[in-house]
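2 protein chains.
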Amino acid sequence: MRAGTLALGLAAMTMAVTTASATGTLNAFTAPASARAEVEGGAEAKASPVYGVTLPRGYRSWTLISVAQENGKNNDIRAILGNDIAVKAFREGKRPFPDGAVIVRLAWRYQSSPRNDAVFPAPQSFVAGDPINVQVSVKDSRRYAASGGWGYGQFENGGATPGSALMQACAACHSKLEEGADRVFTAWAP
Amino acid sequence: MRAGTLALGLAAMTMAVTTASATGTLNAFTAPASARAEVEGGAEAKASPVYGVTLPRGYRSWTLISVAQENGKNNDIRAILGNDIAVKAFREGKRPFPDGAVIVRLAWRYQSSPRNDAVFPAPQSFVAGDPINVQVSVKDSRRYAASGGWGYGQFENGGATPGSALMQACAACHSKLEEGADRVFTAWAP
Numbered sequence: 001m002r003a004g005t006l007a008l009g010l011a012a013m014t015m016a017v018t019t020a021s022a023t024g025t026l027n028a029f030t031a032p033a034s035a036r037a038e039v040e041g042g043a044e045a046k047a048s049p050v051y052g053v054t055l056p057r058g059y060r061s062w063t064l065i066s067v068a069q070e071n072g073k074n075n076d077i078r079a080i081l082g083n084d085i086a087v088k089a090f091r092e093g094k095r096p097f098p099d100g101a102v103i104v105r106l107a108w109r110y111q112s113s114p115r116n117d118a119v120f121p122a123p124q125s126f127v128a129g130d131p132i133n134v135q136v137s138v139k140d141s142r143r144y145a146a147s148g149g150w151g152y153g154q155f156e157n158g159g160a161t162p163g164s165a166l167m168q169a170c171a172a173c174h175s176k177l178e179e180g181a182d183r184v185f186t187a188w189a190p
Numbered sequence: 001m002r003a004g005t006l007a008l009g010l011a012a013m014t015m016a017v018t019t020a021s022a023t024g025t026l027n028a029f030t031a032p033a034s035a036r037a038e039v040e041g042g043a044e045a046k047a048s049p050v051y052g053v054t055l056p057r058g059y060r061s062w063t064l065i066s067v068a069q070e071n072g073k074n075n076d077i078r079a080i081l082g083n084d085i086a087v088k089a090f091r092e093g094k095r096p097f098p099d100g101a102v103i104v105r106l107a108w109r110y111q112s113s114p115r116n117d118a119v120f121p122a123p124q125s126f127v128a129g130d131p132i133n134v135q136v137s138v139k140d141s142r143r144y145a146a147s148g149g150w151g152y153g154q155f156e157n158g159g160a161t162p163g164s165a166l167m168q169a170c171a172a173c174h175s176k177l178e179e180g181a182d183r184v185f186t187a188w189a190p
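Protein chains in written order, with my numbering: chain C, 1 to 190; chain U, 1 to 190.
Hints in this document: simulated from the structure, not taken from any laboratory.
Beta carbons: idealized from backbone N, C-alpha and C, even for Gly.
Wrong hints could be hidden among the right ones.
[Said to hold, decoys possible] Covered stretches of chain C (in silico footprint by chain U; criterion: 3 or more residues with CB under 8 angstroms from a CB of chain U, positions within the stretch not fixed):
id: 1; segment: 65-72
id: 2; segment: 103-110
id: 3; segment: 165-177
Just chain C, with the same shape it has in the complex (with noise of 0.2 angstroms):
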């Protein structure tokens, strides 16, 4: 590596940790390798920016924990897997959730179906068009002690969405949960 490309490297972390530092969330020497490319304007970054989370593998077998549909600029039906171990701690209805749980939620496009509809006995059929999006969320009481816990990440086609802004926005919405939610949405859906 030249002497120029790592200077250059350590000036934009060095930016980023002073950014991150400002709102309280987690800095880039915190991440993973992968997540300071992201940082550093990665195109193709496989983890996400702040947090370094990423795609974890096998998510798309991983156990469902319920379903959801937003109206609004979102327009989409999503579901909520989860690992086992947030499974367990869904199932036993336990908070907060301990290290190591993940949770994954997809979207798609809320689609009418007018090919249900034509065999249904009303227009009535919505169903999952194309993906959206894919958001993580990591238990990690330590490594993301500052966001509650969680570290977040957005990924599309594999790749995690750029941008620190929108990882602050993942932990502020969250953060606004009633207490005793352990910042998460999803209910287990029996």
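Following the hints, complete the assembly by docking chain U onto the known chain C.
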């Protein structure tokens, strides 16, 4: 077993066969004893009328295939899960589904979430409310030859919903789908 009880049982089974044959659906002779009990009017049957389909053990942990939402009389939000055989076929786009494929549809009340709306930027959020029922489709091309290779069941609170008319409605509705769908509404959500 007393001779009188046996004779009564056979008479009931013969009636069931006569009724089912007229509509082209399966008859009580192909269903297990638990389903026959339901045909004969058992109140807490574990197997569906007509098809003798049971609620699969561990289905709640099966892999998510997709999500959907139905308005109108249904007013539900739903998740469709599958066993490994079904999921493999969905992932590979394989039709018809191989024998042993099982698809489970869970439906919950489609419910506005004031809690989420208080946090989100706009009133827009709908979540899974109380569970409504679980519908199960089992592929067995020989056993269920008369209904396109699929047997059906609906379950509420762990018990099979009674009524052969409901089961015949399952088959009738699924059979209206286009050629090549193998009578399955759901597509894999990536």
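Status of each hint after checking the structure:
1. Interface restraint, the segment 65-72 of chain C with chain U: holds (7 residues with C-beta to C-beta distance below 8 angstroms; minimum three).
2. Counting residues of the segment 103-110 of chain C whose CB lies closer than 8 angstroms to any CB of chain U gives 3, which reaches the minimum of 3, so the coverage claim holds.
3. With 3 residues carrying a beta carbon less than 8 angstroms from a beta carbon of chain U, the segment 165-177 of chain C meets the three-residue requirement, and the given coverage holds.
Going down the numbered hints, you'll see the structure goes against none, and every one checks out.
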